[in-house]
Amino acid sequence: MKKYLLDLKVADNVRLHPNYCLLKLTSEETLPEMIPGQFVEVRVDGSSSTFLRRPISVNYVDKDRNELWLLVQLIGDGTRRMAEYRQGDTMNVVLPLGNGFTIPDSDQEEKNLLLVGGGVGTAPMLFLGAVLKSKGFHPIFLLGGRTQNDVLQLDDFAKFGEVCITTEDGSLGEKGFVTNHSILNTKLFDTIYTCGPKPMMVAVAKYAAGKDISCEVSLENTMACGFGACLCCVENTVEGHVCVCTEGPVFNTRKLKWQI
Amino acid sequence: MKNPVMTASGTFGYGIEFADFVDLTQIGGIFVKGTTIEHREGNPYPRMAETPAGMLNAVGLQNKGADYFANNIYPNIKDIDTHMIVNVSGSTVETYVECAEKIAALDKIPAIELNISCPNVKHGGMAFGVTCAGAAEVVRAVRKVYPKTLIVKLSPNVTDVTEIARAVEAEGADAVSLINTLLGMAIDADKRKPILSTVTGGLSGPCVKPIALRMVWQTYNAVKIPIIGLGGISNWKDAVEFMLAGSSAIQIGTYNFVDPAISVKTVEGINDYLDKHGFKSVTEIIGALEV
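Line by line, the protein sequences give chains A and B.
So that you can map any letter, position 220 of the first sequence is 1592 in the numbering used here, and since no number is skipped, the others follow by simple counting.
So that you can map any letter, position 148 of the second sequence is 149 in the numbering used here, and since no number is skipped, the others follow by simple counting.
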């Protein structure tokens, strides 16, 4: 897919949580085509300690409003600066980057598809669920957080499929981690997609491997460029070291050398 | 050469990675990813740590080897209308020579940049670039088999870079490029562990610019062969400063990651500078620093 270097306008920046903001970016031109699982590289101006762009996954693309949504977890100076961007500000973005999740053929609409997200890893699941629904599937979301305040965008997720929730303190949904949720014992899935903290993804991958379910994970290895030039974000795979930014960020777990 | 702006090895892939962002033919030259005779997997992840105004890397010369380059990559880049230059690395004098010979056979590669300064490999690499004898030995051997333009990339991790520059000039290097990355390190205090899998890595980006500029100036006053200056260049003004300090051409490295279109912007900025100050040619500002 052709990549673009664009100055986008901030349409809205919503503080969903003390540690998360939802940036909605737009442009006078129609935004380039993006697919679920892809990411963008955002240049952060006005933070002296932030040198490199920040890779952020595509949370949602609102075609009607010509908006790209980025769910940003405020971790360091760069992401905290992103929370300060206001409506009308300009943000320089490289997009779209990487490969997306595998979307099944539409004629297989009976497939049971589970989308598992934890923390900021829920971000790409929204766009993936939206596209799957538009293709006639009925995706099930399984979202995990520490407390009820950490599970975000629930109204948006509910538009595209059934939403299952776990929280570590039991304040919302079932208590425990995503892999403790009862849906995993009551329903058999054909494909599982997951993104989140690595221990969570490894646990999901183990569950999938145990039941012989195809599993795709989205990795977030630290990277400098985002388009295959720096060779910093490599993951060890059955094909050797490959760049997460160009060969991923989505990988089938069969390709990875994880201990699962 | 169309213009003095080139892109540094390891920061611009094989050029084609940037084709969506810039017109590659507007760049003076593209130094492609470091190539070795053998396939190298590079160092384990993590390989990168961001620093204020820069980054550390420990890629470790990951590449698929000179044969793969010749058979699979060269056909895709040979017709790009600019100077495509291959950065050649090795672990022994013999492997440098073998790799240089392979690249010499490729018609559309007019030059090689001999990397005797990679800080991220255990054997060879920087070991050759930090002593006059080591640098001289590898340049002498490669010079015998490589008839085209031979550029030698120097390490800043030395007491006196001019000694190494003189040593490689004496062995027939056509030009030197400097600086490669500075050896550095980053620590995760919470985990009490190094961030890079290799503990130490190469520092690059705007934070190294003053050191690079100083080394270019010192080298300009020590050798007669042309100098290609690099180290933290992030805009046309930096590029002009390197030329005033004695660089005949410059390379943009790490900043390509921040602004993938910076190379062509720098070409335009230098031209505006020349017009503004009434210079007819870029050659008029090479070493024109008034001290």
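These aren't lab readings, by the way, just hints derived from the structure by calculation.
It cannot be assumed that every hint is accurate.
Calculated pairs, PhoX-like style, for lysine-lysine (alpha carbon to alpha carbon, straight line, at most 20 Å) [unchecked claim]:
id, chain 1, residue 1, chain 2, residue 2
1, B, Lys103, B, Lys145
2, A, Lys1375, B, Lys65
3, A, Lys1570, B, Lys79
4, A, Lys1570, A, Lys1396
5, B, Lys79, B, Lys65
6, A, Lys1483, A, Lys1531
7, A, Lys1570, B, Lys194
8, A, Lys1435, A, Lys1570
9, B, Lys277, B, Lys266
Here are the in silico distance ranges between beta carbons for each label pair [unchecked claim]:
id, chain 1, residue 1, chain 2, residue 2, range
10, A, Asp1449, B, Asp273, 51 to 61 Å
11, A, Lys1578, B, Lys145, 37 to 47 Å
12, A, Pro1404, B, Asp161, 46 to 56 Å
13, A, His1389, B, Asp191, 42 to 52 Å
14, A, Lys1531, B, Met2, 55 to 65 Å
15, A, Thr1462, B, Thr26, 23 to 33 Å
16, A, Glu1611, B, Ile212, 46 to 56 Å
Note that the Cβ used here is the ideal one computed from N, Cα and C, for glycine as well.
> Okay, A:Lys1578 versus B:Lys145 on CB: inside 37 to 47 Å?
Replying inline: violated, 57 Å
> Within 20 Å, alpha carbon to alpha carbon, are B:Lys277 and B:Lys266?
Replying inline: Holds, at about 16 Å.
> Taking 46 to 56 Å as the hint, is the beta-carbon distance of A:Glu1611 and B:Ile212 inside that range?
Replying inline: Given range 46 to 56 Å: violated, Cβ gap about 38 Å.
> Straight-line Cα separation of A:Lys1375 and B:Lys65 no greater than 20 Å?
Replying inline: violated, 25 Å
>> Just to be careful, I want the Cα atoms of A:Lys1570 and B:Lys194 compared with a cutoff of 20 Å; is the pair within it?
In response: holds, 19 Å
> Is the distance from the Cβ of A:Thr1462 to the Cβ of B:Thr26 consistent with 23 to 33 Å?
Replying inline: holds, 29 Å
> Between A:Pro1404 and B:Asp161, does the beta-carbon spacing fit 46 to 56 Å?
Replying inline: With a Cβ separation near 51 Å, A:Pro1404 and B:Asp161 satisfy 46 to 56 Å, so the hint holds.
> Holds or violated: are the alpha carbons of A:Lys1435 and A:Lys1570 at most 20 Å from each other?
Replying inline: violated, 31 Å
> Keeping to a limit of 20 Å between CA atoms, is the pair of A:Lys1483 and A:Lys1531 held or broken?
Replying inline: Given pair A:Lys1483, A:Lys1531 holds - Cα atoms ~19 Å apart, limit 20 Å.
> So does A:Lys1531 sit 55 to 65 Å from B:Met2, Cβ to Cβ?
Replying inline: Since A:Lys1531 and B:Met2 have Cβ atoms about 57 Å apart, the given range 55 to 65 Å holds.
>> Check the hint pairing B:Lys103 with B:Lys145 against an upper bound of 20 Å on the C-alpha distance.
In response: holds, 14 Å
> Does B:Lys65 lie within 20 Å of B:Lys79 when you go C-alpha to C-alpha?
Replying inline: Holds: B:Lys79 and B:Lys65 sit about 18 Å apart, inside 20 Å.
In this structure, the earlier hints numbered 2, 3, 4, 8, 10, 11, 13 and 16 are contradicted, and the remaining ones agree with it.
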